[in-house]
Amino acid sequence: EDQVTQSPEALRLQEGESSSLNCSYTVSGLRGLFWYRQDPGKGPEFLFTLYSAGEEKEKERLKATLTKKESFLHITAPKPEDSATYLCAVQSFAGGTSYGKLTFGQGTILTVHP
Amino acid sequence: GAVVSQHPSWVICKSGTSVKIECRSLDFQATTMFWYRQFPKQSLMLMATSNEGSKATYEQGVEKDKFLINHASLTLSTLTVTSAHPEDSSFYICSARRGGSYEQYFGPGTRLTVT
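Going down the list, the protein sequences come from chains A and B. For the first sequence, the working numbering begins at 1 and goes up steadily by one. For the second sequence, the working numbering begins at 1 and goes up steadily by one.
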């Protein structure tokens, strides 16, 4: 069974204070690892897909990296508008009725204070 | 691109009644749509997967007769909560996936309150 664990559960930063969020996973054949941002009362917003170890992707102040066991979401010089819950999810190569299924972690609640 | 809408955004209904939630992919064709449920301060839990023109596949523990899913076209899926009870109150979110793509794009969610 695919499993995803995110840490820390909550992270408070001062504006401009860079940090990283962790996503550890176990999966029987990784098809893709996904990062989403979710604001309160809204659906998740797609950020990145990573497919293989060593891959990195960047978008504004966010950078996602992937190893064979975990992924990191690095936030550089965050701003208050980066405050949200960040969700990590994995998709395995399992087929049949499980095709396309995402398994989510519990998320990291990020708060950036001005 | 990759915009998914849901309607309604919130709904209040009385216990015993049925509620239908629509999920539409606005600018792409979605070969697969997914329905999730999210409780306060918890992550998303997959309820079912539906492919256009096929019966939905439900996750273990999800009552298929209570949560009816129809994926009638490549841009529309509906979730009907039948004989709703207060414990069905939750945040329901759909997502859609293009054929040949792995990413899922999520709708804004529907807040269901059963009184």
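Calculated directly from the structure, the hints in this document are not laboratory data. Treat each hint with caution, since some may be false.
In silico SDA-like pairs for lysine to any residue, Cα to Cα no more than 25 angstroms straight-line [as the list claims (entries may be wrong)]:
1. K101/A / K14/B
2. K101/A / G100/B
3. K68/A / E15/A
4. K101/A / M45/B
5. K57/A / K64/B
6. K41/B / H74/A
7. K101/A / C13/B
8. K42/A / S5/B
9. K59/A / K79/A
10. K42/A / R37/B
11. K41/B / D82/A
12. K101/A / Q42/B
13. K42/A / S54/B
14. K59/A / R37/B
15. K59/A / R98/B
16. K55/B / D82/A
17. K57/A / K68/A
18. K55/B / T82/B
19. K42/A / T78/B
20. K41/B / S24/A
21. K42/A / P40/B
22. K59/A / S28/A
23. K64/B / G29/A
24. K41/B / S7/A
25. K63/A / T5/A
We went through each hint and held it up to the structure:
A C-alpha spacing of about 32 angstroms is found between K101/A and K14/B, which places the hinted pair above 25 angstroms, so the restraint is violated. Proximity of K101/A to G100/B is assessed by CA-CA distance (about 14 angstroms); at most 25 angstroms being required, the pair is judged to hold. Note on K68/A and E15/A: the hinted pairing is violated, with a Cα-Cα distance of about 31 angstroms set against a maximum of 25 angstroms. For the hint pairing K101/A with M45/B, the CA-to-CA distance comes to about 11 angstroms; that is within 25 angstroms, so the pair holds.
Distance restraint check for K57/A and K64/B: the Cα-Cα separation of roughly 39 angstroms exceeds the 25 angstroms cut-off, and the hinted pair is therefore not satisfied. In summary, the hint linking K41/B to H74/A is supported, as the alpha carbons are separated by about 23 angstroms, within the 25 angstroms threshold. Taken as a hint, the K101/A and C13/B pair is broken in the structure, with Cα atoms around 30 angstroms apart against an allowance of 25 angstroms. Distance hint between K42/A and S5/B is fulfilled; the C-alpha atoms sit about 11 angstroms from each other, no more than 25 angstroms.
Taking the CA atoms of K59/A and K79/A, the gap is about 14 angstroms. The hint holds against a cut of 25 angstroms. Proposed proximity of K42/A and R37/B is supported: the alpha carbons are some 12 angstroms apart, at most 25 angstroms. For a cut-off of 25 angstroms, the pair hint linking K41/B to D82/A stands: about 18 angstroms separates their Cα positions. With a CA separation close to 18 angstroms, the supplied pair K101/A and Q42/B stays within the 25 angstroms bound.
Proximity of K42/A to S54/B is assessed by CA-CA distance (about 28 angstroms); at most 25 angstroms being required, the pair is judged violated. Between K59/A and R37/B the alpha-carbon distance is near 28 angstroms, which puts this suggested pair outside the 25 angstroms criterion. Annotation: proposed proximity of K59/A to R98/B holds, straight-line Cα distance about 22 angstroms (limit 25 angstroms). Using a Cα cut-off of 25 angstroms, the hinted pair K55/B and D82/A is violated, with the two alpha carbons roughly 39 angstroms apart.
For a cut-off of 25 angstroms, the pair hint linking K57/A to K68/A stands: about 16 angstroms separates their Cα positions. Between K55/B and T82/B the CA atoms are separated by roughly 17 angstroms; this keeps the pair inside 25 angstroms, and the hint holds. Taking the CA atoms of K42/A and T78/B, the gap is about 19 angstroms. The hint holds against a cut of 25 angstroms. Distance check on the hinted pair: K41/B and S24/A sit about 20 angstroms apart at the alpha-carbon level, within 25 angstroms; holds.
A C-alpha spacing of about 12 angstroms is found between K42/A and P40/B, which places the hinted pair at or below 25 angstroms, so the restraint holds. With a C-alpha separation of about 29 angstroms, the suggested pairing of K59/A with S28/A is violated against the 25 angstroms cut-off. At most 25 angstroms may separate the alpha-carbon atoms for a hinted pair to count; K64/B and G29/A exceed this at roughly 29 angstroms. With a C-alpha separation of about 15 angstroms, the suggested pairing of K41/B with S7/A holds against the 25 angstroms cut-off.
Between K63/A and T5/A the alpha-carbon distance is near 19 angstroms, which keeps this suggested pair within the 25 angstroms criterion.
Going down the numbered hints, you'll see the structure goes against 1, 3, 5, 7, 13, 14, 16, 22, 23, while the others check out.
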